[in-house]
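Could you use the hints to bring the two separately framed chains together as a complex?
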Amino acid sequence: MSRRAAIIGGNRTPFVRAGRRYAQASAQDLLVAALDGLVARYGLAGERLGEVVAGAVLKHSRDLNLTREAVLSTALDPATPAYDVQQACATGLETAVLVANKIALGQVEAGIAGGTDSASDAPLAVDDGLRRVLLDLSRARTPGARLAALARLRPGQLRPVPPRNAEARTGLSMGEHAARTALEFSVTRRAQDELALASHQKLAAAYERGFFDDLLTPYLGVRRDDVLRPDTTLEKLAALEPVFGRDLPGEATMTAGNSTPLTDGAAVVLLASDEWAAARRLPVLAHLVDAETAAVDHVHGAGLLTAPVVAAPRLLQRHGLSLADFDLVEVHEAFASTVLATLAAWEADGLGTVPSDRLNVTGSSLATGHPFAATGARLLATTAKLLHERGGGRALISVCAAGGQGIVAIVEA
Amino acid sequence: MSAMSDPYGSFVRTGPGKLLAARTGLPRPPRLRRSVPGQGLLDGPAAVVGLPGASRVDETTLWLRNAGVRIARGEEPLAALVVDATGLRTVADLDELLTLAPLFRRTTGRVLVLSAVPATLTDPEARAVQQGLEGFVRSLGKEARGGTTVNLLRVAEGAGTALRSAVEFFCSARSAFVDGQPLVVGPGVPVVRRDRPVAVVTGAAQGIGAATAQVLARSGHHVVCVDVAAAGEKLAAVANSVAGSTLHLDVTAADAPAALATHLADRFGGADVVVHNAGITRDRSFVNLDAAAWSSVLAVNLGAPVRLTTALLEHDGALAPGARFVCLSSINGLAGAKGQTNYATSKAGLVGLVEALAGPLAERGLAVNAVAPGFIETPMTAAMPPIPRELGRRTSSLQQGGLPIDVAEAIGWLAQPDAAGIDGQVLRVCGQNLLGA
Numbered sequence: 000m001s002r003r004a005a006i007i008g009g010n011r012t013p014f015v016r017a018g019r020r021y022a023q024a025s026a027q028d029l030l031v032a033a034l035d036g037l038v039a040r041y042g043l044a045g046e047r048l049g050e051v052v053a054g055a056v057l058k059h060s061r062d063l064n065l066t067r068e069a070v071l072s073t074a075l076d077p078a079t080p081a082y083d084v085q086q087a088c089a090t091g092l093e094t095a096v097l098v099a100n101k102i103a104l105g106q107v108e109a110g111i112a113g114g115t116d117s118a119s120d121a122p123l124a125v126d127d128g129l130r131r132v133l134l135d136l137s138r139a140r141t142p143g144a145r146l147a148a149l150a151r152l153r154p155g156q157l158r159p160v161p162p163r164n165a166e167a168r169t170g171l172s173m174g175e176h177a178a179r180t181a182l183e184f185s186v187t188r189r190a191q192d193e194l195a196l197a198s199h200q201k202l203a204a205a206y207e208r209g210f211f212d213d214l215l216t217p218y219l220g221v222r223r224d225d226v227l228r229p230d231t232t233l234e235k236l237a238a239l240e241p242v243f244g245r246d247l248p249g250e251a252t253m254t255a256g257n258s259t260p261l262t263d264g265a266a267v268v269l270l271a272s273d274e275w276a277a278a279r280r281l282p283v284l285a286h287l288v289d290a291e292t293a294a295v296d297h298v299h300g301a302g303l304l305t306a307p308v309v310a311a312p313r314l315l316q317r318h319g320l321s322l323a324d325f326d327l328v329e330v331h332e333a334f335a336s337t338v339l340a341t342l343a344a345w346e347a348d349g350l351g352t353v354p355s356d357r358l359n360v361t362g363s364s365l366a367t368g369h370p371f372a373a374t375g376a377r378l379l380a381t382t383a384k385l386l387h388e389r390g391g392g393r394a395l396i397s398v399c400a401a402g403g404q405g406i407v408a409i410v411e412a
Numbered sequence: 000m001s002a003m004s005d006p007y008g009s010f011v012r013t014g015p016g017k018l019l020a021a022r023t024g025l026p027r028p029p030r031l032r033r034s035v036p037g038q039g040l041l042d043g044p045a046a047v048v049g050l051p052g053a054s055r056v057d058e059t060t061l062w063l064r065n066a067g068v069r070i071a072r073g074e075e076p077l078a079a080l081v082v083d084a085t086g087l088r089t090v091a092d093l094d095e096l097l098t099l100a101p102l103f104r105r106t107t108g109r110v111l112v113l114s115a116v117p118a119t120l121t122d123p124e125a126r127a128v129q130q131g132l133e134g135f136v137r138s139l140g141k142e143a144r145g146g147t148t149v150n151l152l153r154v155a156e157g158a159g160t161a162l163r164s165a166v167e168f169f170c171s172a173r174s175a176f177v178d179g180q181p182l183v184v185g186p187g188v189p190v191v192r193r194d195r196p197v198a199v200v201t202g203a204a205q206g207i208g209a210a211t212a213q214v215l216a217r218s219g220h221h222v223v224c225v226d227v228a229a230a231g232e233k234l235a236a237v238a239n240s241v242a243g244s245t246l247h248l249d250v251t252a253a254d255a256p257a258a259l260a261t262h263l264a265d266r267f268g269g270a271d272v273v274v275h276n277a278g279i280t281r282d283r284s285f286v287n288l289d290a291a292a293w294s295s296v297l298a299v300n301l302g303a304p305v306r307l308t309t310a311l312l313e314h315d316g317a318l319a320p321g322a323r324f325v326c327l328s329s330i331n332g333l334a335g336a337k338g339q340t341n342y343a344t345s346k347a348g349l350v351g352l353v354e355a356l357a358g359p360l361a362e363r364g365l366a367v368n369a370v371a372p373g374f375i376e377t378p379m380t381a382a383m384p385p386i387p388r389e390l391g392r393r394t395s396s397l398q399q400g401g402l403p404i405d406v407a408e409a410i411g412w413l414a415q416p417d418a419a420g421i422d423g424q425v426l427r428v429c430g431q432n433l434l435g436a
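Sequences listed follow chains A and B, in order. Heads up, the first sequence is in numbering that gives the first Met the number 0, so the first residue is 0 and it goes up one at a time. Heads up, the second sequence is in numbering that gives the first Met the number 0, so the first residue is 0 and it goes up one at a time.
If we strip away everything but chain B, and leave its shape as in the complex, we get (with noise of 0.2 Å):
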């Protein structure tokens, strides 16, 4: 598909292509590795450093070992190094970072930092150092090369079976495209996962809803295919490739949550997942902008996930112990586009619903998060015009976009009762554009 929608990014991949893009220092976007059944969690074997005052080093190399890690011996190259640096609380311990440079040089995969959560930190030294290793981590995402990502997990008090299901994530290729990023992983319990959980997707005909059906169907999840009924033909084909089932709704009509919950409710005993992914654009300057053009955006993109949320936490039955809220934002939403202050508003509005949620929504066990992709290949950025669409592409560290699997992997990721401890988080799937970075 991105050999498809990308012909620059194929063409340097050819012989001829390699040498010209060398010679002129054109930019040369890797091939990604991708999830594939079957798959290992690392093509490679990793290393896991434990920096001064290191505590997750231990369980940190059990887990990796579970998930049929070899751990490196000696100077061999490296598919992810993982670095604690939990304990770092002095500058003098920052001079610690500098010891990575050989293992950085010898790794092509997976870059993976933990740190701790800087806001919980009160000595002031010690809150600078590990909100410093945000600046390190980006950093170090731009000059990784041949694909390698680089992130950071801010470990909580308490972070258990998130905080693996994190190391699994980051690690693997599933996230392929998440570079440069932060995300604070707290504890939370998992629920027991229901045999045949559910899981709803809005705006599922096509783009990043019909790959996340796809994503969250092969963990075992009946997807309940949400769209308007003018997209049936489409849905029917999403849901029946899923096994999954459709439901027609236009998501901005008065009686939609209603609907929503008691479709939910009645035929399915609640929904474990709700990904609010339905979205539109209606692109133009502000001061061209007309009310429908406005509104229309706002309904769809954020009033729409404001009262079916709503709906489903107030109706009986209409989710499942332990379930899952994930609205798709837009790193337009959070760095703002020319063109798009409707759009913007309501992607930034949703980083303040999962915000606000997050906290009420614990307390009932449930959580929320927003997933933010950056330029990703869908219809809607080939319709865009060649030069902006090319800078969009080329303008993140992995210098191409990114496709809706990626998108829809990190979402099907929160979307695993493991993933309990992320919660009111924006996970930005953007390859660190640097757009909103």
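The shape of chain A in the complex, shown without the other chains (with noise of 0.2 Å):
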């Protein structure tokens, strides 16, 4: 890259689990608060910015622009362009990586990236044959043919289709395509819940000493992520039931505790080029220095959520780096049994291993939340964060996407 992104900071909403206190708030209400509390922190009120990109996983016909109909509704000028991408867990690292591209090549000089869903406010499809009526219904011009067309109706297509947290081409969900993974690589229950307590305890512990107060706007009055459990032992987690994997040959070792929730909330960061952040005299936490996606045949047995198996090696490669290169590695915590089975798939490569304090050390999606659009967006300006407080250093970040997707990146300071 001719000159790199600057990542000034981030801003996100807490986390909250689906249902509960975000419950009447749209994916786009929550991406305003994040934009919302990061231009406050800025000071971009009035400011044109290159471009915002965002998305959301769970997406409504209506929000076919929502980001930039988020745009409208924050204080940044409304002159700001915006797009909307849509990446599955990706996607709110993959619009930083878009938006930091576009920096790299002069074209613009400062954006927002990040992402918003609302797992509360999903979107629900009716019956394709009602859907058929209705269309027919708006089409027709006589009164005979508006009633042929309601004579289709049958009581039955009145029932409306959520969304499936399945694969569409497996069927499967996500949670029972990772089970699949962990008996792969003999992934045990212990490992699992010890990494599960690891990421409450780490998250605790960064709230405590005051880490998330320039990376968190509280949001209808939440304060803090409601997932998080201070008080959770491996004793309370080892005596879960197990909810994936149950038909499987083998020890189901998935449960509630050790994968994520549905969530709600929304997560951004603010990326420039170094020449803008001094002419604000913005310090910067670290450059987005390179990423790499990759993807996974999973419909013929690939493991669903391992394309960042596949991803970090020609990153690494292309940069003449191992594991050991690097002094922090988040890993998206979709499933514990997803960040173990990774990191042993990584070793296996010949990668190298990550040592447990270099790994996740605030604590990640499993005791945060994991609305799947912001994730990325989080991870990223919590890693940048920490590169500023060790004062330098290189920390690798990897997010397993559905449909066989994944994105691995790579941030200095």
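Note that these hints are calculated values from the structure, not bench results. Only a predicted model underlies this, so the values are computations on that prediction, with no experimental measurement involved. A portion of the hints provided could be inaccurate.
As the list claims (entries may be wrong) - Some but not every residue of chain B turned toward chain A, in silico, with C-beta under 8 Å:
1) Ala228
2) Glu232
3) Ser244
4) Asp265
5) Arg266
Unchecked claim - Sample of chain B residues lacking proximity to chain A, with all beta carbon distances greater than 10 Å (derived):
6) Arg69
7) Gly145
8) Leu288
9) Leu312
10) Met379
11) Thr380
For every residue, glycine included, the Cβ atom is placed at its ideal position computed from N, Cα and C.
The structure is reproduced here in structure tokens:
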């Protein structure tokens, strides 16, 4: 890259379990809240930025211009362009790569990347038959034609079709896919529970020391992620019943405690050229150096969430690095088993190992929650701040995504 | 806002309410003239009167003319009456005050008396006479009607720009709730204002802090809005509405002074204005106070201003040349209040802080003052029991509570470069409340 994009900082709403305190907030409301908090933190009210890029995984048909509509509700200059990106759980990091690339090319000087999701306010589709009736009805010109269309209505068609947490091509939920990978990599229940426990403990400690004071803005009276259980124990986690992989030939190890719950929230990150930051006296936390997105054929047997296993070697090889060259590694905790399987696969590939004191040092999705599209931006801002706090260093971020995709990125300070 | 939160006040402004109040002798709080964009300094002519020995009449008249004020001729009603009494030296001279009665009768708006600084006079009679003006002004303030305020400016040797600035402030709608107050106006050289001066307001998420952010933004400041992270949502709304920025900071945290100083130095090249507004109450009778309720109030209201100010003064680049500090005291700190021993201790302590810092800061070209609000319509006073709340409102000469904007306007004035001669003062914004008068 000709010039590297600087990560100035981030902002997010606290993350909240679906159906709770954000039940009445839409994905757009959440994105507006995250953006306005960021705008306020960096004094961007009335500023025209190069672009704002964000997205949601659970997206209503009305949200075709989600990010642009959100921008119009913020204090940013309405002349700030925006567009939507959707790459499942990779969305929040992929948007950052897009903005960073434009900065690197000199096409924009500063932009905001991020994502938002409301599992509470998930879009409901109607039955295909009902949809055809309604479309025909809207096209009918005569009373007779209207009656004819209505006559095709059947009571069964009135049941809404909720979004499925399942892969379109396999019909398996993400958890079921992950359970298969866990079995393949012989990931134990205890290792998963230990990772989950560490996530809660590390996140709680980060809150205690005020780490999130400049990464998070309360929303609707919520001040902390409500998934966080500072007092959870290995015993409590061990007592939970497995929920995924129960029909597989092997021990079912994945529980509600070592899997991420459905969550509502939004996260954004401010990226800019070094010059833009310097002109505004904004300290640079770190730089987004490079990224690699990969896909695997989960339809024909590859692990659904194992794309980072492919992406990381490509990226590291490009830079002549091994895992030992990284001071911090952030692996999105979609499931504890995913993290453990990914680390095992990297090791098997000869990338090296990640000492536990470098892994997800302020906790990750298991304790924070995981509003799908928001997670990447959360990870990027957190990682950049951690590197800045250390006074420099290099970090690897890895995010798996539905559809057999995944993204990894290198951040340096 | 006052209409919403003061039902009695809005009722007596209606036809039937007016009638009832007149018949029964109930208080009739006037509607105060407040600052709006594009407004003139006064909405009518002014008279400037020089009593024997006066030396400030010409310049005062010139300043008012330059501010677009017409000087009255003949017997017309006055929007302001400015009296130069700086030259009165003998008890016999005080008879001259009586000549003001006809002018006072036709003044609705502002009465401003200029006096000498009594402490600088060595002649006992002269000092007595000048001190007497304070009693005159305070009493006249209580007789004034229709939202008219009466204030006293004690003019020090060499006062120039600051006096002009003070005359303008006290004549304007910005001082709507400042009444019966004496203020010393010293010399003081204003620094050249930066293109985009930077102000810091602690406790900016609501109430007086939020209003102060608005007033400072109105005069061109970038306002760094500081509050605890938990108040972040409101804080962001305030900061975005004034095109400022937020800083989530617990002012009592061990690293807060360093964090604030670094933030101001690195991101803004120093602050021009620092408003110590963050404050809490934990009201309880003294014998029932626990250690937490005592110390948390002291830590937020007094400890934080002390520590933050020290850090800003010591940290290179944290303050811009000519920087101003304004501390939010309270008339309850001056007068004391039942159930507020902790609060009053902290708020009186701020007066000591201001007085102690004034001299040393002046040597660096900086200034520090305190503003002491009286009964102000805020979420805090809205939560008071009805009877004390109603008493708080009606025991002022203006017969009503003030608004956060009234306090903010006073802070905004003290923050201006032109107010450089105001230092080490406590300005009450209380509508001449009986408390602590």
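Which earlier hints can't be squared with this structure? none
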